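The whole structure should be built from the sequences, with the hints applied where relevant.
Residue numbers (my numbering), protein chains in the order written: chain A, 10 to 426; chain B, 10 to 426.
Keep in mind that the hints were calculated from the coordinates and are not lab data.
Treat each hint with caution, since some may be false.
Where chains are identical, the list cannot tell them apart; a pair therefore holds if satisfied intra-copy or between any two copies.
Said to hold, decoys possible - With a straight-line cut-off of 27 Å between C-alpha atoms, the simulated DSSO-like cross-links for lysine-lysine are:
#, residue 1, residue 2
1, 106, 204
2, 163, 372
3, 248, 421
Just so we're clear, the structure is a prediction, and the values are computed from it rather than from any experiment.
Here is how the chains run, residue by residue.
2 protein chains.
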Amino acid sequence: MNAEIIAVGSELLLGQITNSNARFISSQLAEIGINVYYHTVVGDNPNRLLDAITIAENRSDLIIFSGGLGPTKDDLTKETIAKHLHIELEEDKDAMKSIVEFFQNQNKPMTENNRKQALVLRGSHVLANKNGMAPGMMYTASNHTYILLPGPPKEIEPMFQFEAKPLLTSLVSKGQIVSHVLRFYGIGEAELEDKLQHLLENQTNPTLAPLASDGEVTIRITANADTTEEAWKKIRVAKEEILHIAGDYFYGVDDDSISSVLTKMLMKNELTIAAAESLTAGLFQAELANNPGVGEALLGGMVTYNEQVKINQLGMEKEVIEQHGVVSSECASEMARLVKEKFGSTIGVGLTGAAGPQAHGNKPAGTVWIGIAIGDEPPHTYRLQLSGSRNTNRLRATKSAFYRLIQLLIEKGYERA
Amino acid sequence: MNAEIIAVGSELLLGQITNSNARFISSQLAEIGINVYYHTVVGDNPNRLLDAITIAENRSDLIIFSGGLGPTKDDLTKETIAKHLHIELEEDKDAMKSIVEFFQNQNKPMTENNRKQALVLRGSHVLANKNGMAPGMMYTASNHTYILLPGPPKEIEPMFQFEAKPLLTSLVSKGQIVSHVLRFYGIGEAELEDKLQHLLENQTNPTLAPLASDGEVTIRITANADTTEEAWKKIRVAKEEILHIAGDYFYGVDDDSISSVLTKMLMKNELTIAAAESLTAGLFQAELANNPGVGEALLGGMVTYNEQVKINQLGMEKEVIEQHGVVSSECASEMARLVKEKFGSTIGVGLTGAAGPQAHGNKPAGTVWIGIAIGDEPPHTYRLQLSGSRNTNRLRATKSAFYRLIQLLIEKGYERA
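Laid out in structure tokens, this is it:
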């Protein structure tokens with residue numbers, strides 16, 4: 010089965026947004042062994058959309074549409090397909106019910122154009138939208154399968170994963186395909202590929218696909234076998250070989266993030282944490298708080314953006330700043346120690362540095378100091394020299410602090426989650 | 010002139026990377042008034058690439074390729090085009106020279122396959138690559154213009170902007186095209202379109218293109234005229250009409266973000282700010298700190314994730330929490346007032362709520378209270394009832410706080426930035 014993904018929306022052709030939906034759906038299809046041969050993007054224009062559909066029907070079995078299911082007049086994907094396939098649109102009761110409820114919850118009047126969102130292709134399998142109003146559809150006719158999905162990523166991603174993908178998997182079920190992602194931090198993609206070269210070259214089942222993004226590197230292991238158990242067996246063998254070589258940089262699997270791994274570890278070991286943040290200005294704590302249940306571990310902390318705040322609120326001695334400056338090992342160390350004491354947590358983290366674009370005195374942009382205090386020991390400090398933009402540097406500093414803390418906890422014998 | 014962008018690379022079809030090049034080139038073409046009607050993505054396969062070229066020639070005047078110019082066997086864009094157009098490839102001396110220099114600078118031996126990168130279509134205009142090895146090309150034949158560009162964003166972006174775009178601009182110079190984006194918050198896309206329906210329907214020059222993302226709505230106004238001044242005149246008229254109807258929700262233009270507008274406004278009016286955050290856990294301060302120079306206004310603040318921290322660190326009376334709970338107007342109001350006092354800022358902001366997925370006692374997930382204290386007046390509070398995921402809710406709460414504060418400052422007569 011060969012697939013084509015058609016994204017509909019003039020905003021894509023104007024360069025206002027990136028076609029991230031095609032990437033997401035492609036990676037999902039790769040997991041279940043469906044080849045994607047083409048992506049197409051076409052604007053909110055019924056004639057050009059019709060042309061794109063005709064071309065796709067000539068070269069692809071499965072045609073997946075994203076976008077154009079919304080309430081406005083520009084949204085014309087299902088109307089165009091209905092006309093092309095000579096089928097009617099009809100109101101889906103469940104979809105209509107959830108649209109009405111959506112407006113009731115928001116305490117807003119429902120405008121008439123929203124009714125249009127509940128229309129579906131007659132005879133299609135309706136895909137529920139748990140994160141928005143427009144339902145999706147799957148329709149099969151004369152050797153082609155058409156899947157219609159909404160445009161917003163937060164709607165299309167869960168809908169594809171939980172509604173469409175299981176249907177497609179059962180369509181193509183020729184053996185079982187299992188994927189497992191290993192996540193690494195603190196090592197570049199080229200360096201990791203270099204270390205694993207002999208594995209990357211010789212593997213066909215499972216396949217190993219490395220990918221770098223946001224300062225992290227992942228390796229996706231995909232195995233194919235008659236049963237899920239056998240596929241997992243293949244994955245475990247490959248995983249063991251990889252971790253034997255690059256285990257030092259390994260932090261988690263699949264949908265883990267560095268902050269979720271740290272959160273689980275804090276909770277498992279009943280540790281509490283507080284942070285004092287300068288350049289990251291709350292990002293460390295905000296990222297930790299992405300993880301539900303983190304309230305057991307994260308007590309809170311301070312944003313000490315201003316020098317006086319470090320002295321008056323956190324209680325730092327003026328001399329530390331005068332002697333070493335705020336971008337220094339000593340300052341990071343004191344921030345970690347003081348915030349731990351003040352908040353009564355088991356762990357204190359301090360983050361200070363020059364995010365950029367300006368240098369901070371004689372400290373160039375991208376200089377970061379991380380302090381970590383655990384229990385009564387003298388705090389540990391780490392220096393980073395980053396070369397990204399202001400906000401990349403702030404995010405890297407945050408992730409590095411998570412990573413350093415995880416490594417430190419492992420060294421001290423705390424259990425991994 | 011109508012354009013199509015063909016990105017070549019199997020990694021795009023596997024979902025390993027996003028087609029950000031198409032977005033970049035599209036936004037650049039929009040600026041010079043070239044309509045993009047299609048994006049296509051095709052893998053490293055010469056037959057399918059050839060099919061894609063033939064389809065593009067039937068519907069587009071300008072065909073821009075990204076990717077497939079590198080040294081490996083998979084890189085076949087220029088070979089396929091040369092064969093299709095019956096033209097030879099020849100070595101470009103300048104390109105060869107810079108490839109040799111590249112390896113010398115890196116102190117590495119040049120492998121033979123790198124010679125392939127210096128080959129260009131005979132008769133093409135060669136586009137220099139200042140950030141990599143493979144040169145780009147522009148070639149015109151029988152009513153079509155073909156532009157070949159490398160795949161890596163750091164190579165294609167400067168090459169397009171500084172080499173290809175000036176050539177295209179001189180090709181299309183028929184009047185001036187100017188775009189201007191208006192940004193709105195606190196109103197849905199459907200509701201805004203409803204309000205502006207008569208304008209959206211009747212406008213052809215300028216055109217109005219609404220777009221929703223991340224809880225915001227933008228309207229791009231694009232005008233075409235003989236001179237830039239006349240184009241701007243058309244834009245100003247449309248802008249005035251739009252703001253007359255929907256001005257209450259307007260917060261900024263072009264590349265503004267809500268936090269950048271607020272930051273500029275704080276700096277212009279010499280106001281200082283501190284925040285106490287529960288559900289957002291530092292996100293409000295971290296988002297403000299995205300903006301360079303914010304240190305003049307943002308003193309810092311506290312993350313009071315834990316109830317005891319609100320009492321012990323921020324100094325809240327235990328009775329406030331016992332009587333009203335932490336998800337309450339009273340608690341948000343006290344957080345705003347106390348953090349303002351503690352940090353000695355002119356403005357204090359308090360954020361508390363149930364981010365989800367769990368409710369907080371009898372307060373359903375998505376209930377948020379924002380408190381804003383300015384000067385000595387009693388704090389203002391605002392309630393939100395959000396329906397997104399945990400992290401969408403936290404981001405919406407943060408943006409709403411920015412928006413409410415901007416509105417409040419305008420009401421109080423502070424100057425917009």
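request  = If any of the earlier hints don't hold here, list their numbers in rising order.
outcome  = none
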